[in-house]
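There are 2 protein chains.
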Amino acid sequence: MQKGKMFIISGPSGVGKSTVLHELFKNREDLYFSISATTREPREGEEDGVHYHFISVQRFQELIDAEALLEYAEYVGNFYGTPKKYVDRAMNDGKDVILDIEVQGALQVKTKRPDTVRIFIAPPSWEELERRLTSRGTDSPEKVQKRLLRAKSELQTADVYDYFVINDSVENAVRELSAIMLAEHCKPADRMKILSE
Amino acid sequence: MQKGKMFIISGPSGVGKSTVLHELFKNREDLYFSISATTREPREGEEDGVHYHFISVQRFQELIDAEALLEYAEYVGNFYGTPKKYVDRAMNDGKDVILDIEVQGALQVKTKRPDTVRIFIAPPSWEELERRLTSRGTDSPEKVQKRLLRAKSELQTADVYDYFVINDSVENAVRELSAIMLAEHCKPADRMKILSE
Chain W
1 MQKGKMFIIS GPSGVGKSTV LHELFKNRED LYFSISATTR EPREGEEDGV
51 HYHFISVQRF QELIDAEALL EYAEYVGNFY GTPKKYVDRA MNDGKDVILD
101 IEVQGALQVK TKRPDTVRIF IAPPSWEELE RRLTSRGTDS PEKVQKRLLR
151 AKSELQTADV YDYFVINDSV ENAVRELSAI MLAEHCKPAD RMKILSE
Chain L
198 MQKGKMFIIS GPSGVGKSTV LHELFKNRED LYFSISATTR EPREGEEDGV
248 HYHFISVQRF QELIDAEALL EYAEYVGNFY GTPKKYVDRA MNDGKDVILD
298 IEVQGALQVK TKRPDTVRIF IAPPSWEELE RRLTSRGTDS PEKVQKRLLR
348 AKSELQTADV YDYFVINDSV ENAVRELSAI MLAEHCKPAD RMKILSE
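If you read the protein sequences in the order shown, they are chains W and L.
Take the first sequence: its letters are residues 1 to 197, numbered as in this note's numbering.
Take the second sequence: its letters are residues 198 to 394, numbered as in this note's numbering.
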């Protein structure tokens with residue numbers, strides 16, 4: 001069986017990444033969505049092993065010491081990381097793995113696993129991103145501007161990414177994501193193994 | 198408008214490349230199939246500008262001198278080459294261009310146009326390629342063995358190629374080809390132009 005590949009999917013707040021990923025995962029038994037470990041408390045409705053692996057700070061430290069995390073970062077006083085264990089198991093089962101992580105995490109993973117494919121989901125335009133952030137109604141105008149600035153600065157580090165998917169429509173974005181994942185399985189490294197048999 | 202990209206599609210005799218390309222081109226107004234120039238005489242039913250651009254040896258030499266060919270080669274006493282003119286026009290019109298050429302031509306094009314994407318259509322196995330060559334009934338067993346040897350030697354130069362499409366079924370091969378072409382349009386070089394506007 002062919003081993004699965006690892007795909008990092010990043011994108012600025014408001015770009016519609018969760019909707020795109022939700023659509024991508026429909027009827028795709030061959031995909032595995034990586035669940036992060038975190039030291040923060042579960043929120044209402046969040047389940048251990050479904051939304052996150054909820055662990056203690058001590059346990060998180062143990063995972064770091066054992067080099068059992070592909071990447072980790074602190075965010076507002078809590079730690080978040082990607083456990084290697086589940087990712088490797090899925091890949092060995094022939095499943096492609098999706099990591100929903102940000103630019104810093106993408107850099108860490110790329111160092112450890114150079115064959116990881118990194119995809120950035122971008123808005124069709126900055127005006128459209130501003131419109132989407134505003135229409136959510138959850139952020140103040142100032143917060144919206146801060147998110148926009150952050151998104152633009154993220155794009156400055158965009159040479160970390162191998163592909164850019166523009167989320168002009170969910171359907172198009174999913175079509176492009178699926179195409180990228182299939183195309184990556186046609187790369188010589190994968191295929192020569194089959195052909196030299 | 199986004200400029201089209203150039204794709205080289207190669208594959209050994211008997212792999213089913215023409216069938217795959219025929220299917221790929223169905224309902225695809227956004228694709229352009231490059232027509233070669235040749236110094237050989239038209240065969241019965243062949244039309245100038247459809248199957249080939251039929252030109253004189255003198256004219257072919259003029260095209261070489263004017264650097265108007267992307268690649269050219271001699272085959273059994275006749276010359277075959279890819280005129281730049283039509284390819285560039287199609288790409289400027291935003292169309293993706295398919296060049297159906299062999300390994301040597303692929304090397305020449307890559308030197309002149311490093312951003313060309315090269316795809317090799319491979320058989321699912323050597324046994325299957327032998328079966329397909331034999332079942333065509335056009336070649337003697339010796340000729341079939343020669344074609345097989347040539348196919349295997351072509352695969353030795355396969356690091357010239359960016360992707361391998363395995364033609365286990367026409368449907369799968371077309372799906373992979375289409376995915377590769379779409380994925381290539383998601384590369385940073387193309388997308389950053391849009392996003393920096």
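Hints are computed from structural coordinates only; laboratory data are not their basis.
Since the model is a prediction, treat every value here as computed from it, not as a measurement.
We treat Cβ as the ideally placed atom computed from N, Cα and C, and that holds for glycine.
Fair warning: there could be bad hints in the mix.
What the hints assert, rightly or not - Straight-line distance between alpha carbons at most 27 Å, and here's what the computed BS3-like set of lysine-lysine pairs gives:
#	chain 1	residue 1	chain 2	residue 2
1	W	K187	L	K309
2	L	K307	W	K187
3	W	K110	L	K384
4	W	K112	L	K281
5	L	K340	W	K187
6	W	K110	L	K309
7	W	K193	L	K343
8	L	K214	W	K110
9	W	K95	W	K152
10	L	K307	L	K282
11	L	K282	W	K193
12	W	K152	L	K390
13	L	K349	L	K292
14	W	K3	L	K343
15	W	K193	L	K214
16	W	K3	W	K152
17	W	K152	L	K223
18	L	K384	W	K5
19	L	K390	L	K214
20	L	K223	W	K17
21	W	K3	L	K349
22	L	K307	W	K26
23	W	K187	L	K282
24	W	K110	W	K95
Said to hold, decoys possible - Chain W side only, calculated, beta carbon under 8 Å to chain L, not exhaustive:
#	residue
25	F33
26	E171
27	V174
28	A183
Open item on the list: When the structure is checked against the list of hints, which entries are broken? Sort them ascending.
Closed with: Result: hints 4, 5, 6, 8, 9, 11, 13, 14, 16, 17, 19, 20, 22, 23, 25, 26 and 27 break, sorted rising.
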